[in-house]
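Novice: Got chain B; can you put chains V, P and Z with the ligands on it based on the hints?
Listed below are the residues making up each chain.
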Amino acid sequence: MKSIVIGVIGADVHAVGNKIIEYTLTNAGYNVVNIGVLSTQEDFIHAAIETNAPIILVSSLYGHGEIDCRGMRAKCIESGIGDVLLYVGGNIVVGKQDFQEVRERFVKMGFNRVYPPGTPIDEALSDIRRDLGE
Amino acid sequence: MKSIVIGVIGADVHAVGNKIIEYTLTNAGYNVVNIGVLSTQEDFIHAAIETNAPIILVSSLYGHGEIDCRGMRAKCIESGIGDVLLYVGGNIVVGKQDFQEVRERFVKMGFNRVYPPGTPIDEALSDIRRDLGE
Amino acid sequence: MTTPLRNRKMSLEDFLEERKQVLSGWKTGSDPDLDLDRAVAYLRTVPDSKNFAKKLAAAKADGRTLVQPRAGVPVLEEHIKLLRHLQASGADFVPTTIDSYTRQNRYVEAENGIKESAEQHRAMLNGFPAVNHGVAGCRAVLEAIDVPVQARHGTPDARLLAEIIHAAGWTSNEGGGISYNIPYAKSVSLETTIRNWQYVDRLVGYYEDHGISINREPFGPLTGTLVPPSISNTVAICEALLAAEQGVKNITVGYGMGGNVIQDVAAIRTLLKQTEQYLHKYGYRDIVVTTVFHQWMGGFPADEAEATGLIAMSSTVAALSKATKMITKSPHESIGIPTAEANGLGVKASKFVCTLLKDQVFPDCSALNKEMAQIEREVDCLMTAVLVVGEGDLAVGVVRAFEQGLLDVPFAPSKFNAGKILPARDNDGCIRILEFGNLGFSEEIKQFHRGKIAERAAYEKRPISFQLTIDDVNAVSRGQLIGRGKEKR
Amino acid sequence: MTTPLRNRKMSLEDFLEERKQVLSGWKTGSDPDLDLDRAVAYLRTVPDSKNFAKKLAAAKADGRTLVQPRAGVPVLEEHIKLLRHLQASGADFVPTTIDSYTRQNRYVEAENGIKESAEQHRAMLNGFPAVNHGVAGCRAVLEAIDVPVQARHGTPDARLLAEIIHAAGWTSNEGGGISYNIPYAKSVSLETTIRNWQYVDRLVGYYEDHGISINREPFGPLTGTLVPPSISNTVAICEALLAAEQGVKNITVGYGMGGNVIQDVAAIRTLLKQTEQYLHKYGYRDIVVTTVFHQWMGGFPADEAEATGLIAMSSTVAALSKATKMITKSPHESIGIPTAEANGLGVKASKFVCTLLKDQVFPDCSALNKEMAQIEREVDCLMTAVLVVGEGDLAVGVVRAFEQGLLDVPFAPSKFNAGKILPARDNDGCIRILEFGNLGFSEEIKQFHRGKIAERAAYEKRPISFQLTIDDVNAVSRGQLIGRGKEKR
Ligand code: B12
Ligand code: B12
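Chains as they are written, first to last, in this note's numbering: chain B, 1 to 134; chain V, 1 to 134; chain P, 1 to 489; chain Z, 1 to 489.
One thing to keep in mind: the hints can contain errors.
Said to hold, decoys possible - Calculated pairs, DSSO-like style, for lysine-lysine (alpha carbon to alpha carbon, straight line, at most 30 Å):
id, chain 1, residue 1, chain 2, residue 2
1, B, K2, B, K75
2, Z, K370, P, K273
3, Z, K9, Z, K27
4, Z, K60, P, K461
5, B, K96, Z, K115
6, Z, K415, B, K2
7, B, K75, Z, K115
8, Z, K370, Z, K488
9, Z, K27, Z, K81
10, P, K446, P, K186
11, Z, K358, P, K358
12, P, K273, P, K358
13, Z, K81, B, K96
14, Z, K60, P, K370
15, Z, K420, Z, K446
16, P, K415, V, K75
17, B, K108, Z, K115
18, P, K486, Z, K358
19, Z, K370, Z, K281
20, P, K358, Z, K461
21, B, K75, Z, K415
22, Z, K249, Z, K281
23, P, K461, Z, K54
24, P, K281, P, K249
25, Z, K370, P, K60
26, Z, K488, Z, K446
27, Z, K273, P, K370
28, P, K370, Z, K358
29, V, K2, P, K415
30, Z, K20, Z, K186
31, Z, K54, Z, K358
32, P, K358, Z, K486
33, Z, K273, Z, K420
34, P, K420, V, K2
Honestly, the hints are just simulated from the structure, not real lab data.
With the rest of the complex left out, here is chain B (with noise of 0.2 Å):
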């Protein structure tokens, strides 16, 4: 069973979108280390080397993940981790902006996936999945 990181990154404590992520990467046949809220670039990273996960799936919701996220990618780099896919998804920054540009900037962070506000975690299964080569 493959290991999946989760939690909600930075000073933010959105805790239903973490449960229900949970709940369904679970069903779906992952082994789901919930680091909950409130959680540092560093809690993520350590949980993966800790479980071996293969994949983050950071969430932000209340609107500073642009500065939760920076150079978490140079962090996993330093842990070893470099090639450690990061997903990140929820409301992940101030306000609405154009999601085409928000992506880039998110990419060019270092994150393999980023998602628009609202998608279902059922919506990013798939990216998983392929992902992971399964």
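Specialist: Same frame as chain B, but now just chains V, P and Z with the ligands:
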């Protein structure tokens, strides 16, 4: 007491505003000659001639105002009341259009004053007073 | 026409005889697809999902409120585009609003309007001239979309229009001899329009006899302006009875939102209940009655957000009242005929609310029961007055009742309407009557209304007068329900 | 702190002692305007029209529902512009939503956020960092507008924030030791937050002692997600009692719309009734209690027209429930912090509905009475449980009740919340409980909930499971209230 001719032009049956205009102008001290809904240009002009009214208030609500009002000034001139004041108000064109343009179109057609949707008759009263030299 | 007006089913012969003349009213009347056998054959091919009558019956069984906008533009391709957009926005039924020239049977002017609209690339008519477009044009509309289509208009003489739209597979037609006369005409007699609509209903009866379900919808809101529910409900019941006599089997009675939530729910509930009661009483037993709630029909606020607020508030009341259908407005209402986009926004907001509330009902309660009982009493009183003056004949009764002001609709343009009553709101915002003219109310009912209005006037510390009515007419577009006097604003 | 947590008014000395430390938390704490005498003097100059407490009391007397949006941007000038726009849109009160760094007392990051926002000309923070802006900045806000200002946040330790905003003339502060912990924190103990909020309330008590009315508003909706009314009402009552003990005199208890109209009206009515009852019971008699209804607090639909529909539908319910205030959402809700314009649209639509319905009330009826009685029973049961485990002390009781799961909030991030209960809707859309954990409900109450959920599951022909909860969480944003199983969709 000065006479004011009011009515609703064309195949238009919107009667509510017309009744309110009658009530308001009567209260304001005018002799209101109300020819009602479904009135033709000729109906307005005859009423103005008969009552020696210096002003005609055309209402058009239903959207065909532009077609219905064309040539009205010419008909007034033909009938010998070329200098009668012509006001038009209501919802005088189809749909939400830029009102500057709409006004110009009606001014070109010979209307002295052109009112945007929902202008209550009370707001036009001061124009009437001024234009009648009161 | 020589036979006197009676509420009696037209014989097939008379109908077919009159039909020849009707079809000769405009060139499109000679289309071979107007042959009744061919029309029936075509209507048989219309799937249930596009049948208005069937979809409404199913919604009633489900306890859902379905939504339908108003919409119509002159040019065929544009009209189809518009309806497709509304369908995509969630409309359960699509309309085709007919232009005002067609409503007055002025087909030459309608023809000019189509041409000019096509040339100028903007709509010069306020609707779709269905008669000019003919059966082929109307079929093109039906075939381009996936939900049932209805004609909505305000036509005193809609005989040719009805022939064309039904032969084109449109399975519903709005209107009636009273509701498409009194608010929509000035000098057409009720006798004429009732006859015309007997024909329209007889046509539907013909189709029913041939196994084709077609819905008919009296226009409930009348002038849309402070109409007391008992008056509009009485008119709806009369038209339902007149339609049933001609063989109509699927009727949607309507009501335009008044603004007091309890009165609105009471109005829809009694409308359904009393329409069914009266139909049964007069022996029409196999008729499916549904209801339609019209979102606020009076002057709208100009601000689009406020207008949308009013639309969704109307939807909340409609859904809780369990009306079968709701006619939606758009954020452009106070300005002009909406763009497809604005119209779609109205549909979306409305549909969202109705779907959200589909499992909920306004609860039974004494305030509601009292208002229902009041409306029922008033309707019974008016119906009795109509039948008494009609010496037992409903059609005759309606004509005479309007003549004598026993039935009277506020703000109506028709000279066949007495125009003596003045409505105003009471202190809760319910629509009551201030001045009765000769309205067929009992003294007891009048006392009730007087008391209610007096209560409000006292609260506002001002005399009872037409000023209350005026203030109430203007109130909603200015963000108030009750047009309060200065003291209480 | 050495004294054990107790629900007892802080002595003036203890308060002033602690105050020194609080003010040293960030450089803006040393502003001389934070001197209490100077602050009182400034607050005396704030006109009644900008006093939150007074405006609410007047609205309650009038039976009106006033509206307030959420809003806050990092840069001062931009924030003022935003609030002015909202005021012009009709907001009766303006908010200042505080950014999430400030909420965690991370003032350094907040400072960076302000700078970066100014440089990049777009908001990099999700709110207004009031502590960083200090008394002068906050006064500039107050002075730029004509209605009362409130801070809205979610801050476990809001002591410094409270000091700054009140000294700046903001006459209301949202939050509480439970409601700004359980939904907003992960590892801050309830003991800590209750203490912190005792301080915040004691500060308000100080002002009250000096003749300054200041409103306090526990955050009613908690996680905003399927919270059964009895749970949020119990928390609100506990916080009202805790605040009253510290000398607060003007309290607004809140509730987040659930979606079933009757349950929502019942929740607001019982919230007012029981809060007043419990305050009286414990000897707090001179307190003005008002209510605030939050428009739908869960996931919103992405479509703006649908979102506006939901906003206006919420407003209809709020107005009929006679809540004193309503917190509005915007058509951008599901996407991100709204533009000023989108926020203003939400205010306009909401205000229009509330004004239109100001003379109407949801009628008394047995369905409503039943739901009210149910909520009251549940609240009494939970309150008893709290006081029993607290051995008579409310503060202690709250801490222990959460520890033991006697009080439990669904979907809360806090590890001091048991997180064992699972809510789900019944067949009418009322929020009930599926899995009780250790919730302090009597067996009789549990049976009631089980019966209601079983009814729904049977209707949907599926087992009772967490899937119901999940489907309900997602339902509204997808246009449904009840997340029906496949069989009944
Ligand atoms: C009530 C109403 C009806 C009722 C009318 C009942 C009756 N017989 O009176 C019914 C339901 C029957 C109806 C029918 C139709 N209506 Co209609 N109706 C309205 C509505 C909702 C309110 C009108 C009203 O009574 N307002 C209250 C009165 C007091 O205000 P008022 O009429 O605007 O008049 C005031 C001012 O405008 C001003 N004023 C008026 N004239 C003048 C003139 C001058 C010189 C001045 C200074 C001021 C002035 O003073 C008046 C008093 O304060 C409006 C939309 C709206 N405004 O919200 C649509 C509206 C006017 N209707 C419209 C349409 C299209 C129709 C129909 C063609 C189609 C349909 N919907 O069925 C038919 C038309 C039939 C026909 N042949 O005319 C459109 C017109 C579209 C356009 N211009 O682009 C509107 C704008 C709705 C819309 N957005 O689509 N309607
Ligand atoms: C409920 C809610 C709250 C509750 C949260 C309770 C709790 N502790 O969980 C409360 C009221 C406490 C709250 C507080 C705040 N909130 Co809030 N909140 C919401 C709301 C209404 C719903 C969120 C939710 O639960 N949705 C339901 C779940 C199931 O959906 P979801 O969270 O979107 O998650 C799903 C998908 O997004 C996706 N997903 C999520 N992450 C990821 C990651 C990947 C990789 C993938 C593939 C998919 C994915 O899958 C999930 C399951 O299907 C949203 C707006 C909305 N969506 O309508 C605002 C919203 C998220 N909140 C917002 C804000 C600003 C705040 C506050 C800062 C301010 C405030 N309003 O008080 C505070 C933040 C406090 C903090 N420090 O975090 C903003 C964020 C703005 C922005 N990004 O521009 C929003 C968008 C509202 C708005 N438009 O202003 N909030």
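Novice: Look at each hint and say if it fits the structure.
Specialist: Status of the hints after comparison with the structure:
1. K2(B) - K75(B): At roughly 22 Å apart (the allowed maximum being 30 Å), K75(B) and K2(B) satisfy the hint.
2. K370(Z) - K273(P): holds (27 Å)
3. K9(Z) - K27(Z): OK: K9(Z) and K27(Z) at ~29 Å, within 30 Å.
4. K60(Z) - K461(P): holds (23 Å)
5. K96(B) - K115(Z): holds (21 Å)
6. K415(Z) - K2(B): Since the Cα atoms of K415(Z) and K2(B) sit roughly 27 Å apart, the hinted pair holds (cutoff 30 Å).
7. K75(B) - K115(Z): Holds: K75(B) and K115(Z) sit about 25 Å apart, inside 30 Å.
8. K370(Z) - K488(Z): Holds, at about 27 Å.
9. K27(Z) - K81(Z): With Cα atoms ~26 Å apart, K27(Z) and K81(Z) stay inside 30 Å; holds.
10. K446(P) - K186(P): This hinted pair holds, its Cα atoms lying about 29 Å apart.
11. K358(Z) - K358(P): Holds, because 25 Å separates the two Cα atoms, which is no more than 30 Å.
12. K273(P) - K358(P): Cα-Cα ~20 Å, so holds.
13. K81(Z) - K96(B): Holds. K81(Z) to K96(B) sits at ~19 Å (cutoff 30 Å).
14. K60(Z) - K370(P): holds (28 Å)
15. K420(Z) - K446(Z): Answer holds: K420(Z) to K446(Z) is near 15 Å, not above 30 Å.
16. K415(P) - K75(V): The given pair, whose Cα atoms are some 28 Å apart, holds under the 30 Å limit.
17. K108(B) - K115(Z): Holds - the C-alpha atoms of K115(Z) and K108(B) are around 23 Å apart, at most 30 Å.
18. K486(P) - K358(Z): Judged against 30 Å, a Cα distance of about 17 Å means the pair holds.
19. K370(Z) - K281(Z): holds (24 Å)
20. K358(P) - K461(Z): holds (19 Å)
21. K75(B) - K415(Z): holds (28 Å)
22. K249(Z) - K281(Z): Roughly 16 Å separates the two Cα atoms, so the pair holds.
23. K461(P) - K54(Z): holds (27 Å)
24. K281(P) - K249(P): The given pair, whose Cα atoms are some 16 Å apart, holds under the 30 Å limit.
25. K370(Z) - K60(P): holds (28 Å)
26. K488(Z) - K446(Z): Given pair K488(Z), K446(Z) holds - Cα atoms ~26 Å apart, limit 30 Å.
27. K273(Z) - K370(P): Distance ~27 Å between K273(Z) and K370(P) Cα, so the pair holds.
28. K370(P) - K358(Z): holds (21 Å)
29. K2(V) - K415(P): holds (27 Å)
30. K20(Z) - K186(Z): holds (27 Å)
31. K54(Z) - K358(Z): Holds, at about 19 Å.
32. K358(P) - K486(Z): Status holds; Cα separation ~17 Å.
33. K273(Z) - K420(Z): OK: K273(Z) and K420(Z) at ~29 Å, within 30 Å.
34. K420(P) - K2(V): Status holds; Cα separation ~27 Å.
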